[in-house]
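There are 2 protein chains.
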Amino acid sequence: MQIDSARVKNYLAGLQESIVAGLEALDGKPFIRDAWQKPAGETLGGSGIGRMLEEGQLFERAGVGFSHVTGERMPGSATAHRPELAGRGFEAMGVSLVLHPRNPYCPTVHMNVRMFVARKEGAADVWWFGGGMDLTPYYGFEKDAVRWHGACKDALDAHGAAWFPKYKKWCDDYFYLKHRKEPRGIGGVFFDDLCIADTADGFEQSFAIMRSVGDAFLPAYRDIIERRRSMEYGEAQRDWQCYRRGRYVEFNLVFDRGTLFGLQSGGRTESILMSLPPLVKWRYDYQPEAGSPEAQLLSDFLIHKDWV
Amino acid sequence: MQIDSARVKNYLAGLQESIVAGLEALDGKPFIRDAWQKPAGETLGGSGIGRMLEEGQLFERAGVGFSHVTGERMPGSATAHRPELAGRGFEAMGVSLVLHPRNPYCPTVHMNVRMFVARKEGAADVWWFGGGMDLTPYYGFEKDAVRWHGACKDALDAHGAAWFPKYKKWCDDYFYLKHRKEPRGIGGVFFDDLCIADTADGFEQSFAIMRSVGDAFLPAYRDIIERRRSMEYGEAQRDWQCYRRGRYVEFNLVFDRGTLFGLQSGGRTESILMSLPPLVKWRYDYQPEAGSPEAQLLSDFLIHKDWV
Numbered sequence: 601m602q603i604d605s606a607r608v609k610n611y612l613a614g615l616q617e618s619i620v621a622g623l624e625a626l627d628g629k630p631f632i633r634d635a636w637q638k639p640a641g642e643t644l645g646g647s648g649i650g651r652m653l654e655e656g657q658l659f660e661r662a663g664v665g666f667s668h669v670t671g672e673r674m675p676g677s678a679t680a681h682r683p684e685l686a687g688r689g690f691e692a693m694g695v696s697l698v699l700h701p702r703n704p705y706c707p708t709v710h711m712n713v714r715m716f717v718a719r720k721e722g723a724a725d726v727w728w729f730g731g732g733m734d735l736t737p738y739y740g741f742e743k744d745a746v747r748w749h750g751a752c753k754d755a756l757d758a759h760g761a762a763w764f765p766k767y768k769k770w771c772d773d774y775f776y777l778k779h780r781k782e783p784r785g786i787g788g789v790f791f792d793d794l795c796i797a798d799t800a801d802g803f804e805q806s807f808a809i810m811r812s813v814g815d816a817f818l819p820a821y822r823d824i825i826e827r828r829r830s831m832e833y834g835e836a837q838r839d840w841q842c843y844r845r846g847r848y849v850e851f852n853l854v855f856d857r858g859t860l861f862g863l864q865s866g867g868r869t870e871s872i873l874m875s876l877p878p879l880v881k882w883r884y885d886y887q888p889e890a891g892s893p894e895a896q897l898l899s900d901f902l903i904h905k906d907w908v
Numbered sequence: 601m602q603i604d605s606a607r608v609k610n611y612l613a614g615l616q617e618s619i620v621a622g623l624e625a626l627d628g629k630p631f632i633r634d635a636w637q638k639p640a641g642e643t644l645g646g647s648g649i650g651r652m653l654e655e656g657q658l659f660e661r662a663g664v665g666f667s668h669v670t671g672e673r674m675p676g677s678a679t680a681h682r683p684e685l686a687g688r689g690f691e692a693m694g695v696s697l698v699l700h701p702r703n704p705y706c707p708t709v710h711m712n713v714r715m716f717v718a719r720k721e722g723a724a725d726v727w728w729f730g731g732g733m734d735l736t737p738y739y740g741f742e743k744d745a746v747r748w749h750g751a752c753k754d755a756l757d758a759h760g761a762a763w764f765p766k767y768k769k770w771c772d773d774y775f776y777l778k779h780r781k782e783p784r785g786i787g788g789v790f791f792d793d794l795c796i797a798d799t800a801d802g803f804e805q806s807f808a809i810m811r812s813v814g815d816a817f818l819p820a821y822r823d824i825i826e827r828r829r830s831m832e833y834g835e836a837q838r839d840w841q842c843y844r845r846g847r848y849v850e851f852n853l854v855f856d857r858g859t860l861f862g863l864q865s866g867g868r869t870e871s872i873l874m875s876l877p878p879l880v881k882w883r884y885d886y887q888p889e890a891g892s893p894e895a896q897l898l899s900d901f902l903i904h905k906d907w908v
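Sequence lines, in order, name chains A and B. Read left to right, the first sequence gives residues 601 to 908 (the working numbering). Read left to right, the second sequence gives residues 601 to 908 (the working numbering).
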C-alpha cells in the first residue's frame, strides 16, 4: 500500500504541542521555539521544530523536537538488516524528547515516537513505526517505577497482552551500557519495525500503538514529577546526579543508534545533542557507600525487573 | 624479524614514572597508583598501572596510564585495513595521558606512545609504533601554540625533515569533530603504522621516533602551564571551559578509535574514561560574543595552521 503520511505528521506535530504545553505548565517558564530547514539531498533534507528550555524552575535542560526528513537514498546504517531496501528513497518523522530536571529526586526521561517509510517508484511503500519511553532516576522510588511501568503496560495492553512484555524486554536490552554492565535507567518500553500487516487495517493498528505510547508519556511523567519536585536536596544529591548523568552521555554518544545516525548523516548537531545533560561530572572509580540511597539505586533499581 | 618487546616496555614504564614525577612537582599533590591485571583471553588480557590525580592544586583530573596487553586473536577493528593480519595473536603496549587543569587558561593535553606487534608461529612478527601529542586550549595564546608545535617539530626533525609536516597534518585530520566542523584543539602530531623497515635498523629508527615524541611532552607542556597557571579567572572563564570540554567528550566517545576499541573489546572502562573531563556543561546553540577571547579561540586558534 501507499502511505499518506500527513495524518501521522499531524498527530506528531500535535503531540509536540501538547507535551510542551504540559511541561510549560509544570515548569512555569516558556520553551523557546527554533524552527529549522535543510534543503533536500541524497542523505537528509527536511524541516523540524525544536522546543527547548534551559535554566527553568523545574528543568535544567529540556528539549522536545519534531522533525520530518526525506532522502533520495536510504542511509547504509538503516539498511544493514534490510538489504532489500538499499537504494530506496525514504521519509522519516518523529517526536523525540529528553528532559533533565534540576532536582536530583526528579528522574531524567526520554520519549520518542516515529514513522519510517521507504519508497520506490512502481513498488509498494515499506513502512514501520518505532518509539518508546524510558525513565532514568538518580534515586529509586518503587512507587514511581510502578507508576511508570504501569503507564507503559496500560498503553500497550489496550492493543493486546503480548505487546508490553515484548517491548519492555526490548527496552531493557536496548538501553544497556555494555562497557559498564549497567542498564541506563529503570526502562519502560522500546519498539521498532512495527508493521502489523501491510494493509490499511494493519497500518491503523500500528499507528494506534504508536499513539498510545506517545499519549501515555505526559500523565505518567507529570505524576512522578509532582511527587518528587518539592523534595529537598543538597550538594551530595546534586553531585550524585551529575555523576550519574555521565552514564547518560556515555550511552547516547557510544551506543544510541539515533544519535549516531544523526551525527554521521549530517543531522542538526545542536538538535541531536539536546539529549545531553547541562552539567555532568566524571570521577575515577566512584562507588557509593554501602546501604546508602545511592547504592540502592544501583542494587534495587538499575536492574531488569518486572515492576508491574 | 622477531621483536623483543622488553626494551620498549622498559622505556614506556620509565616514561610514565618520569612524567608523573614531573606532574607531581607541578601540582604538589601526589598521584594515586592503581595497578590492574586481566587474565589473558581471546580478546584482551594483560596488566597496567594507572596513575591518577583528582582535585589537585593544578589538575582537576589527570590520568597517566601504562598498559601492556596481549590477545590470541587480533580484534576486527584492528585488521579492517590490514586483512592479512586477521587471526594473528598480538601484543600492544603504551603510555597514554590526558590532563585537565582547573584554570581555564591552562590547556588540556593528550599524549600517547605505543607499540603493536602481530604474531604468528613460523612467521616474522609484524610490528609498528604509533602515538602523538595534541593540545586543547580554552583560550588561545600564540606563544603557547608556537612552543607546542615547536616541541613537536624539534622532536621529529631530529629524524629528518619529512616527519613533522606529515604527522602534523595527520593530527589535524584525526582530531577533528566532523559533526561540528571543528578541530578538537590546536593539534600537534599524530602517527600510526610506523615501521620504517622490517630490519633491526628500521626498528631502532622507528623506536627512536616514538621516544622523541614521548620525551618532548613534559618540557613543552610544563613551560605552557608555568606561563598560565597564575592567571586569574572568574565564573565566565570557568563556564566557557566547561562548555568547551563538552567537545572533548564528544570527540572521545564518538570518534576516538582507541576509546571505542577499548570499550568494545572489554578494556577497563575506568582507565579508558580517565580521558573525560571532571566537570562538563552542554548548552543549546551557544555562540560566544563577537570579538571576545572566547570567539578568538574559535576564529584564530581552532583552525588548521602552520604555527612554526
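No wet-lab data here; the hints were simulated from the structure. Predicted model only: the values in this text are computed from it and were never measured. Where a beta carbon is used, it is the ideal one built from N, C-alpha and C, also for glycine. Just to be clear, a hint being listed does not mean it is correct.
Unchecked claim - Sample of chain A residues at the chain B side, in silico, Cβ under 7 Å:
| hint | residue |
| --- | --- |
| 1 | Asp801 |
| 2 | Leu876 |
| 3 | Pro878 |
| 4 | Leu879 |
What the hints assert, rightly or not - Capping the alpha-carbon separation at 27 Å, the derived lysine-lysine pairs in DSS-like fashion look like this:
| hint | chain 1 | residue 1 | chain 2 | residue 2 |
| --- | --- | --- | --- | --- |
| 5 | A | Lys769 | A | Lys781 |
| 6 | B | Lys638 | A | Lys778 |
| 7 | A | Lys781 | B | Lys638 |
| 8 | B | Lys743 | B | Lys769 |
| 9 | A | Lys743 | A | Lys638 |
| 10 | A | Lys778 | B | Lys778 |
| 11 | B | Lys905 | A | Lys638 |
| 12 | B | Lys743 | A | Lys638 |
Claimed, not checked - To list a few chain A residues with every Cβ distance to chain B over 12 Å, as calculated:
| hint | residue |
| --- | --- |
| 13 | Asp604 |
| 14 | Lys778 |
| 15 | Val849 |
| 16 | Arg868 |
| 17 | Tyr886 |
| 18 | Leu897 |
Checked hints:
The closest approach between the C-beta of Asp801 of chain A and any C-beta of chain B is roughly 41 Å, which is over the 7 Å cut-off, so the hint fails. Residue-level restraint check for Leu876 of chain A holds (minimum Cβ-Cβ distance to chain B is 4 Å; threshold 7 Å). Hint status for Pro878 of chain A: holds, given a least beta-carbon distance of 6 Å to chain B, under 7 Å. Interface restraint check: Leu879 of chain A against chain B, minimum CB-CB distance 6 Å, threshold 7 Å, status holds.
Note on Lys769 of chain A and Lys781 of chain A: the hinted pairing holds, with a Cα-Cα distance of about 16 Å set against a maximum of 27 Å. For the proposed pair Lys638 of chain B and Lys778 of chain A, the alpha carbon gap of about 18 Å is at most 27 Å, so the pair holds. Straight-line distance between C-alpha atoms of Lys781 of chain A and Lys638 of chain B comes to about 17 Å, which keeps the hinted pair within the 27 Å bound. Between the alpha carbons of Lys743 of chain B and Lys769 of chain B the distance comes to roughly 20 Å, so the proposed pair stays at or under 27 Å and holds.
This hinted pair does not check out: Lys743 of chain A and Lys638 of chain A have alpha carbons roughly 44 Å apart, beyond 27 Å. The straight-line distance between the Cα atoms of Lys778 of chain A and Lys778 of chain B is roughly 25 Å, inside the 27 Å bound, and the hint therefore holds. Annotation: proposed proximity of Lys905 of chain B to Lys638 of chain A is violated, straight-line Cα distance about 31 Å (limit 27 Å). Distance hint between Lys743 of chain B and Lys638 of chain A is unfulfilled; the C-alpha atoms sit about 41 Å from each other, more than 27 Å.
Every beta carbon of chain B lies more than 12 Å from that of Asp604 of chain A, the smallest distance being close to 33 Å; the non-interface claim holds. Look at Lys778 of chain A: its CB is around 8 Å from the nearest CB on chain B, not clear of 12 Å, so calling it non-interface is violated. A beta-carbon of chain B is positioned within 12 Å of the beta-carbon of Val849 of chain A; the least distance is around 6 Å. Listed as a non-interface residue, Arg868 of chain A fails to keep its Cβ farther than 12 Å from every Cβ of chain B; the least gap is roughly 10 Å.
Not every CB of chain B is more than 12 Å from the CB of Tyr886 of chain A (nearest about 9 Å), against its label as outside the interface. Here Leu897 of chain A stays apart from chain B, with its beta-carbon at least about 19 Å from theirs, past the 12 Å limit.
Of the hints listed earlier, those the structure fails to meet are numbers 1, 9, 11, 12, 14, 15, 16, 17, in rising order.
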